[in-house]
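Residue numbers (numbering that gives the first Met the number 0), protein chains in the order written: chain A, 0 to 265; chain B, 0 to 272.
It should be emphasised that the hints constitute simulated quantities derived from the structure, not laboratory data.
Note that beta-carbon positions come from the ideal geometry of N, C-alpha and C, so glycine has one too.
Be aware that a few hints might be false.
Across the chosen pairs, the derived CB separations fall in these ranges [to be verified]: (1) A:17 x B:142: 54 to 60 Å; (2) B:250 x A:13: 56 to 62 Å; (3) B:147 x A:263: 48 to 54 Å; (4) B:186 x A:257: 41 to 47 Å.
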Amino acid sequence: MAKPNDTRQTNSSGLIALIADRSFYVLGVILFMIVWQIASALKLFGADFSEAFSPLAAILALVEMVKNGELIHHALPSLRRVLLGLSLAVVVALPIGVLVGYFKRVEQLTYVVFQFMRMISPLAWMPIAIIIFGVGDVSVVFLLWLVAIWPLILNTSHGAGRVSPLWVNMAKTMGAMDIGILRKIIIPAAVPDMLTGLRLAVGVSWIILVPAEMLGVPDGLGYFILDTRDRFRYDQLMATIMAIGMIGYLLDSVNRWLINKFSWKN
Amino acid sequence: MNTTINGSAPPERPLLELRDVSKTFMKDGAALPVLEKVNLSINAGEFVCILGPTGCGKSVTLQIVAGLLEQSSGSVILDGREERGPGPHKGMVFQEYALLPWRSVVENVEIGLELKGIPKRERRKIAEEQLELVGLKGSESRMVHEISGGMRQRAAIARALANRPKILLMDEPFEALDALTKEEMQIQILKAWEKTGTTIFFVTHDVDEAIFLSDKLCVMDINPGRVKQIITNTLPRPRHELVCRTDREFGAIRDQIIQLYSSLKDEELDLVF
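Bound-form chain A, shown alone:
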């Protein structure tokens, strides 16, 4: 079906049409839940577990976890780790990305190493992280940092590298030296690509978070997955999976909003 477009209308029939249009997003979620519920009722996930794996059981468990504070207790440390890893990644990756994008020699020096490094799953570094930083928060944050820097560096350098030479020439005729060109042209021009990099970084960090939190930290959503399994609370396990998906979706929405707000139009 063709996508209805965004012709914004202010009259009430337009508003109703808009709501009807957007309701398809909700409908998709409901249909998914129904299929899932039917699959559990038909015991497609195995005779013993299907009931606990059903969306109804998961939603009930989720409500319970919200009420007794367990969800917040585990979600907050997870968010703290991801945000810390991302912040450290931004601090390191954006300057590197700008330099790589602007100076051809820096790009050549780093190209092979970066392309090679970014293909390594950060989980492969897990034993090394534990040897260096020990079991705990620092190792988890290190792995999150390691996974977040590549999309940030590569997107920033891409943005900084494709800046129109015309803008650079213009800045030169205005008396700008390298520093001025970087500050006034290259960096602001690369902001949309930086935000795209941030969006990708948030996505992979959130994905890597769960296995990273299985590294022996005492809380966090990844830890809680293992904990619910050990307690045979499969409804809570499913609820945690739901919560991970929802929080990830919210984080991505924030990023989409940022991109929308801070990307310039040509």
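Since the structure of chain A is provided, determine the placement of chain B on it from the hints.
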């Protein structure tokens, strides 16, 4: 109407002087001469157009003056000093505007002043004055993608003027505009030139545009690019208040230039056949 071949020495010291400026590009290991011993002088306050067909090196000449390209030999002297590299004392207006899309109109005009470290309030004042000069008052806070091509080029002119340059360099600035907007812009630039008394060095391949605007026309030859003839244009001013494009004298200059062009073409044909 006076005509001098390769410019006789003017009485006063020129503001800008090109002395034997040559430029050779290297292409696939072979030397490709694009400019050969260009000599040209521009007096303070003068409006000089450099006119020629594609490939005559007129834009290269302007970019050498701007400092964006380096000449292979010869020198560029501005206000008695030999020029090296670009700088805010030479305002440049590009054909493609080169406005920054993440900045508003007034912020674009301010960029040169920002780079000079002028405080915000002062640079806003200067930028607003320049925008008023080019007829963009009221559009200060609009974004670049919201305004027309003609308005964009006015903003770019205001940006170049905000630095109070000794000379304004314009590289086919109105080429991307439709015919009517182009004529409007020609009038606008003459008005701005009269008000500011700035010196303008203007590149174009449009014969009528060059005649309408200039005090002096530098007609370029090709293969390699060189000055064919310098024509002094004595059409009365202010031209934007007179019907001058249909004047007999306008036509006479036009004929003279077309003659030069057609002889260029013949030489070109001789080379090919």
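We went through each hint and held it up to the structure:
About 26 Å separates the C-beta atoms of residue 17 of chain A and residue 142 of chain B, a value inconsistent with the hinted range of 54 to 60 Å. Against the hinted window of 56 to 62 Å, the Cβ-Cβ separation of residue 250 of chain B and residue 13 of chain A comes to about 59 Å, which satisfies the hint. The hint said 48 to 54 Å for the Cβ distance between residue 147 of chain B and residue 263 of chain A, and at roughly 18 Å that hint is violated. Against the hinted window of 41 to 47 Å, the Cβ-Cβ separation of residue 186 of chain B and residue 257 of chain A comes to about 44 Å, which satisfies the hint.
Checked against the numbered hints given earlier, this structure breaks hints 1 and 3; the rest are met.
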